[in-house]
Amino acid sequence: MANSSREIRRRIKSVKNIAQITKAMELVAAAKMRRAQQQATASRSYAVLSSELLKNLAAKGDLRHPLINRLVEDAPPQGGKTLIILITSDRGLAGALNTNVINKALGLIKLENKPIPAENSVKLSGDLTKASAKISDYSPNSHLGDGRGGDGFDLITVGKKGADAARRQKLNVIAAFTGKDRNLSILDAKPIAEIAINDYLAHKYEKVFVVYTDFISTLRQSPNVIQVLPFAGHVSRNTYHVPEILFEPSSDEVLEKFLYRAIEFTVYQALVEAAASEHSARMMAMRNANTAAADLIDDLTLTYNQARQAGITRELSEISAAKLAMEDNRY
69 MANSSREIRR RIKSVKNIAQ ITKAMELVAA AKMRRAQQQA TASRSYAVLS SELLKNLAAK
129 GDLRHPLINR LVEDAPPQGG KTLIILITSD RGLAGALNTN VINKALGLIK LENKPIPAEN
189 SVKLSGDLTK ASAKISDYSP NSHLGDGRGG DGFDLITVGK KGADAARRQK LNVIAAFTGK
249 DRNLSILDAK PIAEIAINDY LAHKYEKVFV VYTDFISTLR QSPNVIQVLP FAGHVSRNTY
309 HVPEILFEPS SDEVLEKFLY RAIEFTVYQA LVEAAASEHS ARMMAMRNAN TAAADLIDDL
369 TLTYNQARQA GITRELSEIS AAKLAMEDNR Y
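In the numbering used here, each residue's number is its place in the sequence shown (first place is 1) plus 68.
Just so you know, the hints here were simulated from the structure itself, not pulled from any lab data. As the structure is a computational prediction, the values presented were derived from the model and not from experiment. One or more of the hints may lead you astray.
[Unchecked claim] Derived BS3-like pairs (lysine-lysine); straight-line CA-CA distance at most 25 Å:
{"hint": "1", "residue 1": "178", "residue 2": "258"}
{"hint": "2", "residue 1": "172", "residue 2": "91"}
{"hint": "3", "residue 1": "238", "residue 2": "272"}
[To be verified] Listed next, with one range per pair, are the computed distances between beta-carbon atoms:
{"hint": "4", "residue 1": "363", "residue 2": "251", "range": "47 to 55 Å"}
{"hint": "5", "residue 1": "390", "residue 2": "362", "range": "40 to 48 Å"}
{"hint": "6", "residue 1": "112", "residue 2": "322", "range": "53 to 61 Å"}
{"hint": "7", "residue 1": "238", "residue 2": "377", "range": "31 to 39 Å"}
{"hint": "8", "residue 1": "384", "residue 2": "91", "range": "34 to 42 Å"}
Note that the Cβ used here is the ideal one computed from N, Cα and C, for glycine as well.
Could you put together the complete structure from these sequences and hints?
Here it is as structure tokens:
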């Protein structure tokens, strides 16, 4: 009984220590989640208005730009390759968040009829290649092509989990970014967008997609895919009439400047949506872990009390039996 009770007490202590860690992680994730949610929701209005404005500009008959969808047929052949910007988290303990978005990217690859390796199981553990670069320190010329597989598509990974999964899947990663677990700005999206735009204009890719996790609510995050290039304006569900606008000095010059900014902002919006989703998923995962730990502590405490009660009952029985034996010996 003594050994059993000590083992149960040891397990209870271990679970309580783990619960303290998960509770602290839940509080940290909750604080980061609130900031990330505010950042994601605050930028949505700009994203909607810029998309509507670009749609209005692109609809004009005299506008021509190589990044707009209706001009793809005028460009030289681009080899049919596809570039995928995959946005995941740097850290785990976020439930199925990373697995879902990685599977979304693999589904996009299949949908685009591109060859993928036969082994398509997603593994998220293990060390990353040392070639990863921090977002703020990235140089557009430091491409990380590994030359393995993926003849029909290339990847830009944002987050260690995506880079690790791509490496294990032997997918061709041309650039990897880490260090997005902080307050994001448009400058973080700029180098990613520059790679996509420059390579697209160089006719290396026919299409460019962003695969990320869309923040819907604290309890719900959904993997999503948007096409960045060729850019046709990502129209919101809440469509409305855009009035005729006169541009000075000309709509062509406005489009030339604003189109690049809009593509950068599309990538930025995906980054902040993914960050809000990550912190929300991690907070809920830690909350579920706390609940499970509390239930386990209750079960272990009940088992401990039952074992202790059984031991006490056994000792009382032994004392009573010994007393009766002593009384019998007197007579």
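Cross-check of the supplied hints:
1. 178 - 258: 28 Å, violated
2. 172 - 91: 31 Å, violated
3. 238 - 272: 20 Å, holds
4. 363 - 251: 47 to 55 Å: 36 Å, violated
5. 390 - 362: 40 to 48 Å: Given a distance of about 42 Å, which is inside 40 to 48 Å, the answer is holds.
6. 112 - 322: 53 to 61 Å: The hinted range 53 to 61 Å is violated for residue 112 and residue 322, with Cβ atoms some 23 Å apart.
7. 238 - 377: 31 to 39 Å: Roughly 58 Å apart at Cβ, these two residues miss the hinted range, so it is violated.
8. 384 - 91: 34 to 42 Å: 40 Å, holds
In terms of the numbered hints stated before, the structure departs from hints 1, 2, 4, 6 and 7, listed from lowest to highest.
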